[in-house]
Amino acid sequence: MAKKILRINMTELKAVYEDVPEKWSRWAGRGLTSAIVCDEVDPMCHPLGPNNKVVIAPGWVTGSPAAPSSGRTSFGGKSPLTGGIKESNAGGLSGQMIAKLGLAAIIVEGTPAKGEWYTLVVSKDGVKFESAADLFGKGMYEVDELLWKKYPKTAVIGIGQAGEMKLSNAGISVNDPENKPGRYAGRGGMGAVMGARGVKAMVIVDAGGPGVEIQNQELFKQGRKKLTESIQEHGLTKKAGALNSFGTAVLVNLLNEAGGLPTRNFSAGQFEGATKISGEAIAEVCEKRGGEGTMGHGCHPGCIIKCSNIYPNESGEAIVSCIEYETTWSMGANCGIDNLDFIAKMTRECNDIGLDTIEAGNTVAIAMEGGLLEFGDAEGAFKTFDEIRKGTPLGRILGQGVEATAKAFGVSRVPVVKHQSMPAYEPRAVKGIGVTYATTPMGADHTAGYTIAPEIAGVSGKLDPLSDDGKAELSLTFQAATAFIDSSGYCLFIAFPILDIAKGWEGMAESVAGVTGLNITGADVVPLGKEILKMERLFNEKAGFTAEDDRPPEFMREEALPPHNVKWTITDKQLDSVFGWVHEN
Amino acid sequence: MRVTVKLFATLVRFNEGSQSGKPFEVDLPDGSHVKDLIDLLKIPPQETHVIFVNNIIEEHDSNLKDGDVVGLFPPVGGG
Numbered sequence: 001m002a003k004k005i006l007r008i009n010m011t012e013l014k015a016v017y018e019d020v021p022e023k024w025s026r027w028a029g030r031g032l033t034s035a036i037v038c039d040e041v042d043p044m045c046h047p048l049g050p051n052n053k054v055v056i057a058p059g060w061v062t063g064s065p066a067a068p069s070s071g072r073t074s075f076g077g078k079s080p081l082t083g084g085i086k087e088s089n090a091g092g093l094s095g096q097m098i099a100k101l102g103l104a105a106i107i108v109e110g111t112p113a114k115g116e117w118y119t120l121v122v123s124k125d126g127v128k129f130e131s132a133a134d135l136f137g138k139g140m141y142e143v144d145e146l147l148w149k150k151y152p153k154t155a156v157i158g159i160g161q162a163g164e165m166k167l168s169n170a171g172i173s174v175n176d177p178e179n180k181p182g183r184y185a186g187r188g189g190m191g192a193v194m195g196a197r198g199v200k201a202m203v204i205v206d207a208g209g210p211g212v213e214i215q216n217q218e219l220f221k222q223g224r225k226k227l228t229e230s231i232q233e234h235g236l237t238k239k240a241g242a243l244n245s246f247g248t249a250v251l252v253n254l255l256n257e258a259g260g261l262p263t264r265n266f267s268a269g270q271f272e273g274a275t276k277i278s279g280e281a282i283a284e285v286c287e288k289r290g291g292e293g294t295m296g297h298g299c300h301p302g303c304i305i306k307c308s309n310i311y312p313n314e315s316g317e318a319i320v321s322c323i324e325y326e327t328t329w330s331m332g333a334n335c336g337i338d339n340l341d342f343i344a345k346m347t348r349e350c351n352d353i354g355l356d357t358i359e360a361g362n363t364v365a366i367a368m369e370g371g372l373l374e375f376g377d378a379e380g381a382f383k384t385f386d387e388i389r390k391g392t393p394l395g396r397i398l399g400q401g402v403e404a405t406a407k408a409f410g411v412s413r414v415p416v417v418k419h420q421s422m423p424a425y426e427p428r429a430v431k432g433i434g435v436t437y438a439t440t441p442m443g444a445d446h447t448a449g450y451t452i453a454p455e456i457a458g459v460s461g462k463l464d465p466l467s468d469d470g471k472a473e474l475s476l477t478f479q480a481a482t483a484f485i486d487s488s489g490y491c492l493f494i495a496f497p498i499l500d501i502a503k504g505w506e507g508m509a510e511s512v513a514g515v516t517g518l519n520i521t522g523a524d525v526v527p528l529g530k531e532i533l534k535m536e537r538l539f540n541e542k543a544g545f546t547a548e549d550d551r552p553p554e555f556m557r558e559e560a561l562p563p564h565n566v567k568w569t570i571t572d573k574q575l576d577s578v579f580g581w582v583h584e585n
Numbered sequence: 001m002r003v004t005v006k007l008f009a010t011l012v013r014f015n016e017g018s019q020s021g022k023p024f025e026v027d028l029p030d031g032s033h034v035k036d037l038i039d040l041l042k043i044p045p046q047e048t049h050v051i052f053v054n055n056i057i058e059e060h061d062s063n064l065k066d067g068d069v070v071g072l073f074p075p076v077g078g079g
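Residue numbers (this note's numbering), protein chains in the order written: chain X, 1 to 585; chain V, 1 to 79.
Calculated directly from the structure, the hints in this document are not laboratory data. Source: prediction; values computed, not measured. Incorrect hints may appear among the rest.
Below 27 Å or equal to it, Euclidean Cα-Cα: the simulated DSSO-like pairs (lysine-lysine) are [as the list claims (entries may be wrong)]: (1) X:K23 - X:K462; (2) X:K462 - X:K238; (3) X:K4 - X:K221; (4) X:K288 - V:K35; (5) V:K42 - X:K534; (6) X:K153 - X:K14; (7) V:K35 - V:K22; (8) X:K166 - X:K138; (9) X:K238 - V:K35; (10) X:K239 - V:K22; (11) V:K22 - X:K276; (12) X:K225 - X:K239; (13) X:K239 - V:K42; (14) V:K65 - X:K288; (15) X:K238 - V:K65; (16) X:K153 - X:K138; (17) V:K42 - X:K238; (18) X:K221 - X:K276; (19) X:K14 - X:K3; (20) X:K462 - V:K65; (21) X:K542 - X:K567; (22) X:K462 - V:K42; (23) V:K42 - V:K65; (24) X:K166 - X:K462; (25) X:K128 - X:K4; (26) X:K383 - X:K345; (27) X:K4 - X:K23; (28) X:K128 - X:K166; (29) X:K345 - X:K390; (30) V:K65 - V:K35; (31) X:K462 - X:K345; (32) X:K128 - X:K14; (33) X:K407 - X:K166.
Which chain X residues stay away from chain V? Per the calculated CB distances, all over 12 Å, these [stated by the list, open to error]: (34) W117; (35) H234; (36) K462.
We put the beta carbon where it would ideally sit given N, CA and C, even for glycine.
Using the sequences and the hints given, assemble the complete structure.
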């Protein structure tokens with residue numbers, strides 16, 4: 001059965017199934033959300049107005065039998081944070097279930113009568129529009145629990161209070177196998193776009209769905225085998241390897257050694273408390289406290305990397321799943337906080353209220369620089385989240401993210417590109433990732449082109465992180481490959497093994513070709529990724545972006561970053577070369 | 001010469017009683033290279049995937065001098 005588009009109109013409270021038009025038929029995941037947004041969303045529309053949409057798409061292989069670590073769901077629209085196109089993807093249960101319903105994408109459009117909130121129950125029989133009056137005002141922990149009482153073992157997509165208030169830092173939550181929120185399409189405020197559609201939650205019931213059709217079983221199996229083997233062989237992704245044992249936060253010490261761990265609102269590249277907030281420290285707490293605490297947790301069924309964790313309190317009860325590298329950094333090093341228990345509690349607040357943890361931690365750091373509280377004040381930092389939950393005037397400012405908060409507090413060291421704040425790698429100390437932050441259509445985003453792999457981690461070769469040479473080309477190649485992986489439904493972490501092990505790269509492409517019937521080989525990965533990037537860049541141009549928006553913030557050219565005492569030195573011309581090809585024939 | 005060493009993640013097991021990132025001192029003959037230090041610590045060279053000397057990424061054949069701070073990592077990454 002050919003896949004369908006499910007179009008949900010919130011003005012009329014009607015849903016229709018449509019055939020996938022030819023122009024979108026090649027795409028899935030990020031490629032599809034971006035193609036639909038480019039065709040259907042006016043680039044000049046207000047992100048919270050009636051003409052923006054939430055487009056949800058599983059990847060090419062998501063939901064196919066035993067494709068390893070392939071449970072991603074892409075969420076696309078125009079971002080209230082950046083004002084440009086946004087694709088933010090998450091793990092959790094939703095991708096596989098949407099795919100099993102035979103859906104290529106769900107498009108949510110229109111606006112219900114003022115004050116009405118809905119839960120959309122999506123099943124093989126269509127869409128039920130249930131009132132969400134009983135869920136309104138509640139955090140995502142309670143929403144997930146209440147919806148599972150009525151619809152057990154389903155995927156729950158939802159927004160917390162931040163999304164209801166349409167704050168620019170509102171993310172979209174997806175539940176994990178334990179039905180906890182925390183798998184977030186966090187970046188760029190897509191939770192506010194969902195809130196603007198009057199949708200508090202979506203329940204995906206996959207029972208009785210047609211499943212994912214495999215066009216070429218033999219090719220699919222061959223590709224899956226190669227990819228699985230490469231994941232199991234690579235030191236980073238294998239069982240008991242770094243990601244499985246210590247989670248993504250294993251990077252804390254690595255970036256700290258490299259002098260590229262942004263500290264106290266990007267004023268230094270090393271944090272004296274780094275070891276206390278590292279993946280090794282998280283693993284030690286899980287081991288010591290036991291109970292529900294664990295490393296090696298999977299965010300969706302079928303993951304063979306399992307980089308997640310469940311962080312316990314002193315009694316062994318779960319505080320939150322999970323503490324990621326980005327989170328322990330943004331709320332730790334970047335706020336001068338070295339207390340993991342507080343970092344866990346703040347992460348839980350973000351997951352409950354529905355906030356992106358990168359932007360949230362960076363916002364607290366800005367508030368610290370602006371004098372609202374002191375760097376290192378863990379208790380004070382924790383309390384700021386309740387301001388957001390309650391929607392106090394202060395909370396509404398903080399919930400808008402770094403740039404709005406910097407204006408409110410008169411701070412000029414503002415680590416943003418395209419209005420989105422930077423993740424946990426200092427561009428002055430790791431130049432390639434700075435090129436990605438500056439030029440990706442998404443606003444400052446490490447996942448858009450993870451040059452850290454060769455610059456710091458020694459994956460896919462070794463390059464000097466402090467050198468400017470070749471970083472424009474490097475970033476473009478990584479951005480293109482990433483756009484492809486973001487469309488596949490595979491977790492981005494398969495990039496580590498497939499960049500080092502040739503059969504993994506081939507296997508990824510072959511498994512995609514096997515599922516879809518498209519004629520794709522490893523050689524098509526970068527060209528297809530560039531097609532997606534081109535769509536996204538053109539949307540942004542129509543939304544008013546120019547070359548001036550592809551620049552790191554001024555302070556990075558002015559202030560030398562310790563310990564290497566380096567400034568941002570890549571020229572504007574080099575930055576402009578990254579996407580110069582978009583307007584060539 | 002005397003260098004300060006920090007072992008991270010799974011490499012901690014090569015220095016009994018140590019903790020990830022906790023510095024300790026090692027004496028080496030003058031003229032030693034990073035690989036000599038790794039041999040002395042009985043770490044299989046292929047397990048030392050990223051090597052820092054004074055916060056700069058170096059290789060197995062890089063020279064060491066008195067007072068250097070060496071950080072050794074297995075394959076690590078994330079995002």
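Between X:K166 and X:K462, does the CA-CA distance stay at or below 27 Å?
-> 43 Å, violated
Below or equal to 27 Å on CA atoms is what counts here, so check X:K23 against X:K462.
-> Distance of about 39 Å is beyond 27 Å: violated.
Quick one, are V:K65 and V:K35 close enough, alpha carbons at most 27 Å?
-> Satisfied, since the Cα-Cα distance of roughly 13 Å is no more than 27 Å.
Does the alpha-carbon distance linking X:K128 and X:K166 stay inside the 27 Å limit?
-> 24 Å, holds
Regarding the assertion that X:H234 does not contact chain V, is the least Cβ-Cβ distance greater than 12 Å?
-> Non-interface label on X:H234 violated, nearest chain V Cβ at 7 Å vs cutoff 12 Å.
Taking C-beta pairs only, is X:K462 more than 12 Å away from all of chain V?
-> 7 Å, violated
V:K42 and X:K534: Cα distance at most 27 Å?
-> 51 Å, violated
Distance restraint between X:K225 and X:K239, which requires alpha-carbon spacing of 27 Å or less | 16 Å, holds
Does the alpha-carbon distance linking X:K14 and X:K3 stay inside the 27 Å limit?
-> 20 Å, holds
When you check the alpha-carbon spacing of X:K239 and V:K22, does it fall within 27 Å?
-> Holds. X:K239 to V:K22 sits at ~25 Å (cutoff 27 Å).
Quick one, are X:K221 and X:K276 close enough, alpha carbons at most 27 Å?
-> 43 Å, violated
Is the Cα-Cα distance between X:K4 and X:K221 27 Å or less?
-> Status holds; Cα separation ~25 Å.
Hint compliance for this structure: hints 1, 4, 5, 14, 15, 18, 21, 24, 31, 35, 36 are broken, all remaining hints hold.
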